[in-house]
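Build out the structure end to end from the sequences listed, making use of the hints.
Heads up: the sequence lines are chains A and B, in that order. Just so it is clear: in the first sequence, position 366 is 365 by numbering that gives the first Met the number 0, and no numbers are missing. Just so it is clear: in the second sequence, position 241 is 240 by numbering that gives the first Met the number 0, and no numbers are missing.
Any given hint could turn out to be false.
[Stated by the list, open to error] Chain A stretches covered by chain B per the calculated footprint, using a threshold of three residues with CB under 8 angstroms from any CB of chain B:
1. 55-61
2. 119-131
3. 181-193
4. 204-210
5. 250-263
6. 318-331
7. 344-357
[What the hints assert, rightly or not] No more than 27 angstroms apart at the CA atoms, straight line, and that leaves these computed lysine-lysine pairs for DSSO-like:
8. K376(A) x K68(B)
9. K130(A) x K130(B)
10. K322(A) x K82(B)
11. K185(B) x K195(B)
12. K64(A) x K376(B)
13. K322(B) x K70(A)
14. K195(A) x K185(A)
15. K70(B) x K376(A)
16. K82(A) x K322(B)
17. K185(B) x K322(A)
Hints are computed from structural coordinates only; laboratory data are not their basis. Just so you know, these numbers come straight off a predicted model, no measurement behind them. Note that CB positions come from ideal geometry on N, CA and C, so glycine has one too.
There are 2 protein chains.
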Amino acid sequence: MKNDLDALMQTNNLDAILITGPGQHNPAMVYMMGGGHLTNADLVKKRGEGAVLFHYSMERDEAAKSGLKTKNLGEYILADLLKQAGGDNLKALVKRYQLMLGELGINSGRVALYGRSEIGTNYAIFSALQKEMPGLSLVGEFDNSVLMFARMTKDDTEIERIRKMGKITTQVVGQVADFITSHSAKNGGLVNTNGKPLTIGDVKSRIDLGLAERGAENPEGTIFAMGRDAGVPHSTGNPTDQLMLGQTIVFDIYPCEAGGGYFYDFTRTWCLGYAPDEVLALYENVLSTYTKVTKELQLGKPFKDYQEMTCEQFSAQGHPTIKEAPETQQGYVHSIGHGIGLNIHERPWSGITSDENNCLVPGVAFTIEPGLYYPDKNMGVRLENSFWARPDGTMELLADYPMDLVLPVKIA
Amino acid sequence: MKNDLDALMQTNNLDAILITGPGQHNPAMVYMMGGGHLTNADLVKKRGEGAVLFHYSMERDEAAKSGLKTKNLGEYILADLLKQAGGDNLKALVKRYQLMLGELGINSGRVALYGRSEIGTNYAIFSALQKEMPGLSLVGEFDNSVLMFARMTKDDTEIERIRKMGKITTQVVGQVADFITSHSAKNGGLVNTNGKPLTIGDVKSRIDLGLAERGAENPEGTIFAMGRDAGVPHSTGNPTDQLMLGQTIVFDIYPCEAGGGYFYDFTRTWCLGYAPDEVLALYENVLSTYTKVTKELQLGKPFKDYQEMTCEQFSAQGHPTIKEAPETQQGYVHSIGHGIGLNIHERPWSGITSDENNCLVPGVAFTIEPGLYYPDKNMGVRLENSFWARPDGTMELLADYPMDLVLPVKIA
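Written as structure tokens, this is what we have:
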């Protein structure tokens, strides 16, 4: 949680962190200052001190909303800096960073870099800044990121926002189910009242609208993938395909609060009208694994233990898994879950190679999402819910929704 | 344009470019491969050759949609790489990059880095890769970015997509005007049929819905700022404020195609019911400057000439400008425009310090947006349209919409 940050910085021997980039769709920045319409800003936090937000002049009121100490970048006259730098924009910007850090008394020590922005431009800036300030050590943190560790555990306020996104998500899923089942089938495919095919594109428009109506957005889209596409985990579905009876549809929806806030993650697999025996068997395998894994969730356990459990379970059911065949594109091909928060994917990780810091400690919010995929048989099944490891040790399902495979459909 | 890329790479002495990050909301990646649900991918293009897209196994069909040569990252067994790297995830990933580049014959030369992603993580990765491959020179391009130069000029296909976003934008603006004027005023503020205040939040919901209905999104929100907020260019407006008569409302809308595609940028200033004399005078100053600047737009001219013109014009009208007072927060406080494309702000730049490469050459798409701001007088006016410098030398207004200040409102 955020109040662990200073201790984490001490562990990683960091004197400060510097976050750059916009105020929206920039998880580190949103985490530290709450988001807002900042086209580009810098946030600097020294260990043991509050953060300072550097902002453009015309974004001063947006910056003020953060409640942080703010500093107007307009006070550094760029035209003057540019003159001093002989017309070199990069040098002028680096000089501004030197002044900014200098004013905060940061002239040496270790400073970690954060923010979602253009990696090339920032590689140029921070490499140049590093040369100009040899006493300072600019650090890119990789898998020991203090911010990702802090963000891994959610407090009550954060989890309430994720719960609300869960509610919105399941409302939209319910709306989509109603929308689909209000149609009739003709010759094996769904049609609207004019007899025209109901397409995946039509359904996706409904999803987008349902989210917008509730103040949410889906910056990374939505998976609504049918048949062979359902058999490839991240295929998003072909908008012009007609919804057909008896095919698996993987519906994976991962919206966030407007402006790039907290995400939810949720998947159901549907068959319209009926489920062929082969699909039903696959679904039952996934459901039984989901049930086993979620029943055994236990505070403090390494998340990858559940990946092992899932692989064993699916292996026992006769499916290939990435454990014994890392390159397999059939059977169980991904990991059992991941943390959710301001990133749709974040700590804790559950992959077999994930380290010992990825445990189900109190406060983590995470998905459980077993799935089985047979693209050559035109089918795939995934079931996913999101959970919170409560401080009292129980695992809270963050949004409830029926797991049913078959959506009944009228025949025209 | 994209087919200038090899020549630009030659000019900058680049042997290859490497773009990393997701397939959506990542302009460089979207530009080169068309977008799609890739959670994280790498695209490498050698000078004079086609691009190769490295993707995760379960995103293979999404990657294939790009039409590019693809390579499945699943072929590099991460568990093996990790074992070789003694369990160090960063080293394993760096090794994978070495293998990837090696397979393309990239062991030396200059490789520029691109992509919108986590700057700290990537600083770690590419600093480490640089150490491992001393014969290679990894380059962060700053203001001479080949991709930003290529993207500065739009071809027919790109401009048609921007035109379509312009159409959607003006449709939504029209819908919002109808929505507002369908309400009546009572005691100086707009109310709905139940007598409850109509708020900025209500209007923003309409905007979000109108965009979603048309398949667009607004990842960076929308400015609908009234009174004092209208006097601070990037204040987005307070959702709980009631819409009041006779106050300036700056309505700046900048949506993009779903998934982080091409943007449009558009601003109107509205007064509901009536405009006080002081506001009317301000509006007329802005409109006359808009008219003068757009009339004089000329192919090949430096964009900043129009910033000079705008400053002169506003100065002559008695307003402070950032030209003679860089720190001013009153009068004219920003630049006259910017390029639009896969970034909402991109080349060409019009700021006084922008370099000679920012000219209105054939193919650029750009905004013209004069504005005057008096936060202490609770007013601000901005008018903005977007244009394309056509190959034939004419300047095409990309979406037409009335410039009227006053929206008539019934009194209850």
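Hints versus structure:
1. 55-61: Since 7 is at least three, the answer is holds.
2. 119-131: With 8 residues in contact (Cβ-Cβ under 8 angstroms with chain B), the coverage given for the region 119-131 of chain A holds.
3. 181-193: With 0 residues closer than 8 angstroms to chain B, the region 181-193 of chain A misses the three-residue bar; violated.
4. 204-210: As far as the region 204-210 of chain A goes, the hint holds, because 4 residues have Cβ atoms under 8 angstroms from chain B.
5. 250-263: Since 3 is at least three, the answer is holds.
6. 318-331: holds (count 3)
7. 344-357: Holds: 4 residues of the region 344-357 of chain A have a Cβ under 8 angstroms from chain B.
8. K376(A) x K68(B): holds (26 angstroms)
9. K130(A) x K130(B): Judged against 27 angstroms, a Cα distance of about 16 angstroms means the pair holds.
10. K322(A) x K82(B): Holds - the C-alpha atoms of K82(B) and K322(A) are around 15 angstroms apart, at most 27 angstroms.
11. K185(B) x K195(B): holds (10 angstroms)
12. K64(A) x K376(B): holds (21 angstroms)
13. K322(B) x K70(A): holds (22 angstroms)
14. K195(A) x K185(A): holds (10 angstroms)
15. K70(B) x K376(A): Roughly 24 angstroms separates the two Cα atoms, so the pair holds.
16. K82(A) x K322(B): Roughly 15 angstroms between the alpha carbons, so the hint for K82(A) and K322(B) holds.
17. K185(B) x K322(A): Violated, at roughly 68 angstroms.
Consistency with the previously given hints fails for numbers 3, 17, ordered from lowest to highest.
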